[in-house]
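Working from the sequences, and respecting the hints, build out all of it.
If you read the sequences in order, they're chains A and B. Sequence positions in the first sequence follow our numbering and run 12 to 375. Sequence positions in the second sequence follow our numbering and run 423 to 754.
One thing to keep in mind: the hints can contain errors.
No farther apart than 30 Å at their CA atoms in a straight line, the calculated lysine-lysine pairs in the DSS-like style are these [as the list claims (entries may be wrong)]: (1) B:439 x B:550; (2) B:612 x B:559; (3) B:559 x B:439; (4) A:26 x B:740; (5) A:22 x B:724; (6) B:740 x A:23; (7) B:604 x A:116; (8) A:116 x B:740; (9) B:556 x A:116; (10) A:110 x A:337.
Label pairs and their computed distance ranges (CB to CB) [as the list claims (entries may be wrong)]: (11) A:354 x B:423: 47 to 57 Å; (12) B:558 x A:327: 35 to 45 Å; (13) A:17 x B:447: 37 to 47 Å; (14) A:12 x B:608: 13 to 23 Å; (15) A:37 x B:664: 29 to 39 Å; (16) B:552 x A:348: 37 to 47 Å; (17) A:17 x B:607: 18 to 28 Å; (18) B:437 x A:138: 42 to 52 Å; (19) B:481 x A:140: 47 to 57 Å; (20) B:697 x A:16: 22 to 32 Å.
Here are a few chain B residues that face chain A, going by a calculated C-beta distance under 10 Å [as the list claims (entries may be wrong)]: (21) 629; (22) 631; (23) 666; (24) 669; (25) 724; (26) 734; (27) 743; (28) 745.
Calculated directly from the structure, the hints in this document are not laboratory data. By construction, the Cβ of each residue, glycine as well, lies at the ideal position given by its N, Cα and C atoms.
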Amino acid sequence: MRYVDRFRDPKKCRKLAQMIHRVAGRRPLRIMEVCGTHTAAIYRFGIRGMIPETIRLISGPGCPVCVTGDGYLENALALARDPRVIIATYHDMLRVPAKKTSLEKARSEGADVRGVVSALDAVTLARQNPGREIIFLGVGFETTAPATAVAVLSAQKERLKNFSVYSAHKTIPEALGILGRDKELALDGFLLPGHVSAIIGRAGYEAVLARIRKPSVICGFEAVDILYAILRIVSAVRDSRFVFENAYTRIVRDKGNPRARRILDKVFIKTDSVWRGLGVIRKSGLRIRPAFRCFDAQARFHLKDERRSAAKNPTGCRCADVLKGKIEPRQCRLYARRCTPEEPFGACMVSREGTCRSAYEHAT
Amino acid sequence: MDTVTLAHGSGGAATQKLIAEVFLRAFGNPYLKKMDDAAQVRVEKGAWAMTTDSFVVDPIFFPGGDIGKLAVCGTVNDLAACGAEPRYLTAGFILEEGLPVATLAKVAASLAAEARKQGVAVVAGDTKVVPRGKADKIFINTTGVGPIRKSLEAERIRSGDCILINGNIAEHGLAVFLAREKLSFKARIKSDCNSLWPIVKSLLQQSISLRFMRDPTRGGVNAALHEIASLSGLSVLLDEQALPASAACRTLADLLGLELLDMANEGKMLFFVAQQDAERCLRLLRRHPLGRRAALIGRVLKERKARVYLNTAVGGRKLLAPPRQESIPRIC
Numbered sequence: 012m013r014y015v016d017r018f019r020d021p022k023k024c025r026k027l028a029q030m031i032h033r034v035a036g037r038r039p040l041r042i043m044e045v046c047g048t049h050t051a052a053i054y055r056f057g058i059r060g061m062i063p064e065t066i067r068l069i070s071g072p073g074c075p076v077c078v079t080g081d082g083y084l085e086n087a088l089a090l091a092r093d094p095r096v097i098i099a100t101y102h103d104m105l106r107v108p109a110k111k112t113s114l115e116k117a118r119s120e121g122a123d124v125r126g127v128v129s130a131l132d133a134v135t136l137a138r139q140n141p142g143r144e145i146i147f148l149g150v151g152f153e154t155t156a157p158a159t160a161v162a163v164l165s166a167q168k169e170r171l172k173n174f175s176v177y178s179a180h181k182t183i184p185e186a187l188g189i190l191g192r193d194k195e196l197a198l199d200g201f202l203l204p205g206h207v208s209a210i211i212g213r214a215g216y217e218a219v220l221a222r223i224r225k226p227s228v229i230c231g232f233e234a235v236d237i238l239y240a241i242l243r244i245v246s247a248v249r250d251s252r253f254v255f256e257n258a259y260t261r262i263v264r265d266k267g268n269p270r271a272r273r274i275l276d277k278v279f280i281k282t283d284s285v286w287r288g289l290g291v292i293r294k295s296g297l298r299i300r301p302a303f304r305c306f307d308a309q310a311r312f313h314l315k316d317e318r319r320s321a322a323k324n325p326t327g328c329r330c331a332d333v334l335k336g337k338i339e340p341r342q343c344r345l346y347a348r349r350c351t352p353e354e355p356f357g358a359c360m361v362s363r364e365g366t367c368r369s370a371y372e373h374a375t
Numbered sequence: 423m424d425t426v427t428l429a430h431g432s433g434g435a436a437t438q439k440l441i442a443e444v445f446l447r448a449f450g451n452p453y454l455k456k457m458d459d460a461a462q463v464r465v466e467k468g469a470w471a472m473t474t475d476s477f478v479v480d481p482i483f484f485p486g487g488d489i490g491k492l493a494v495c496g497t498v499n500d501l502a503a504c505g506a507e508p509r510y511l512t513a514g515f516i517l518e519e520g521l522p523v524a525t526l527a528k529v530a531a532s533l534a535a536e537a538r539k540q541g542v543a544v545v546a547g548d549t550k551v552v553p554r555g556k557a558d559k560i561f562i563n564t565t566g567v568g569p570i571r572k573s574l575e576a577e578r579i580r581s582g583d584c585i586l587i588n589g590n591i592a593e594h595g596l597a598v599f600l601a602r603e604k605l606s607f608k609a610r611i612k613s614d615c616n617s618l619w620p621i622v623k624s625l626l627q628q629s630i631s632l633r634f635m636r637d638p639t640r641g642g643v644n645a646a647l648h649e650i651a652s653l654s655g656l657s658v659l660l661d662e663q664a665l666p667a668s669a670a671c672r673t674l675a676d677l678l679g680l681e682l683l684d685m686a687n688e689g690k691m692l693f694f695v696a697q698q699d700a701e702r703c704l705r706l707l708r709r710h711p712l713g714r715r716a717a718l719i720g721r722v723l724k725e726r727k728a729r730v731y732l733n734t735a736v737g738g739r740k741l742l743a744p745p746r747q748e749s750i751p752r753i754c
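Shown next as structure tokens:
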């Protein structure tokens, strides 16, 4: 049996599901997961069908592509149209719509936009194209931000003069604080993102969970991981206990990855950040430090203030409410009718981990 | 004559030279040797099936096959899926200027070998050459015809019918992907590219209540089942646990976030069989070299909603959406 199959064992899953039914009974519960990969895994394995209907698994703003605001995209598009510039970006960003266009559309109109699978590929592009300006779109949470930091340090080592990063990196704990306090959301607990946790560790959540005190479990992405975490939260709620557990110990150490955090701290500084749907969250973004100014696209290029575009959403698009977990995708009138993976209206439908995209592709 | 030039496509002496030295040498059958504008073939009484397919796979050589072999298998399998015995093929080539003639000869030889193996005659052909960059090395179109041995229709599918497949899924799509992307993945994945008429023929010779067949190529088993559900009007239920797949394919798909059900197959057939004949059909399939890993993977439901459901391997159930975009382009 492959190692991963142990965490997909149908017998274990059935047992965990039975225990969840026994413990939860008919008690209505609202559990939020804030990781796009959890959203996708829950749909992929058909988890919702295995647990009581009274437990609502709510997808939060866990897809970094989806929470990147229009203001950022509009700036990226403006940069893309500069003939000196090569935009290097993760593939997910290519099709995110902003004002009826996208980086992919801009590419078909002549902009030099290239999909990369690694931030270091962008550094390679800069090395190979000395006459051009390479701008890497740094999107992602604490999982991918260290790679961007490494790319910056790499470019510095090579003394590259034509490489910069436009950072949209965000951090999770502050967003949890907002969501955990929201009375309308009325959450009973959190499934914490497994790979963000690999970087920030259990320690990374201590401050915010001390404030909001909702049962929370760091868990992995296989069926057994998710069912176990749900069981722990359900049990804690029944017993009115606060539980905070790292259940993904095969990947996550309680102290996380100190080396990755040191690299992050060297290159980035915390800043206020615009989240689609949540607005501005203080100190939830990562901006490149002044010491690395020459690698910061925001310092090198004239970019508009992202907050100016924060409020505007295409008519009828309810990405903001979906991202906050306030509605399910099918409650958006555009969902599956005018907003589809082929012709997405909002960001939630674009990324493979977007809540609407997951729902569309794996509907129960 | 090192590389293919535009002159080779112009119909003159260069074209004749290419045909003689590459195609006739590879195929060399009485039909082609006549070099007529059209082949004259004998057909028997009764209904004949006809199909056409174009092949633009990239790369043209991949583990388990090449574009030549694929050009025969793809078309032969479409005929086999209709219960028709493949008899004659045509082969049209569109070549990119600059293609090494040795490469063309290799592809032609492979196509010819597979055709000979299947007892199919390539009776007509065509060659065009386009300027560098206007095609990607070789594109091939094949049209196939053959007498229908057993008439099959989606309307014959009944609720309770069983769905079988003759072996491991996803191998072709993943093999081509690996060969193209040149990822350093340790386990070698080979395309399952093969002609299915022999295994279909052996089934037709037994009195199995075979309702319908389809070969799950582009879009994989997922796309094929959606098409069939749509044609028959009935919903189907798939058992993820029962799907045969190699460990290498499972792992690669997991790593890349690909769904095995969406990946192309070029040596697999879906069989819709009456419930009472399912076990016997399975035994018959497993006796054949191309059916050793045959499995019963699902059944037809009563409801008439043309949906495809999946019982997930961990015990969940969900509605499967058809594959929207091509996860991996240019696999056939």
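Subject >> Hints violated by the structure (numbers, ascending) >> reply: Those not satisfied are hints 8, 13, 19, 21, 22, 23 and 25.
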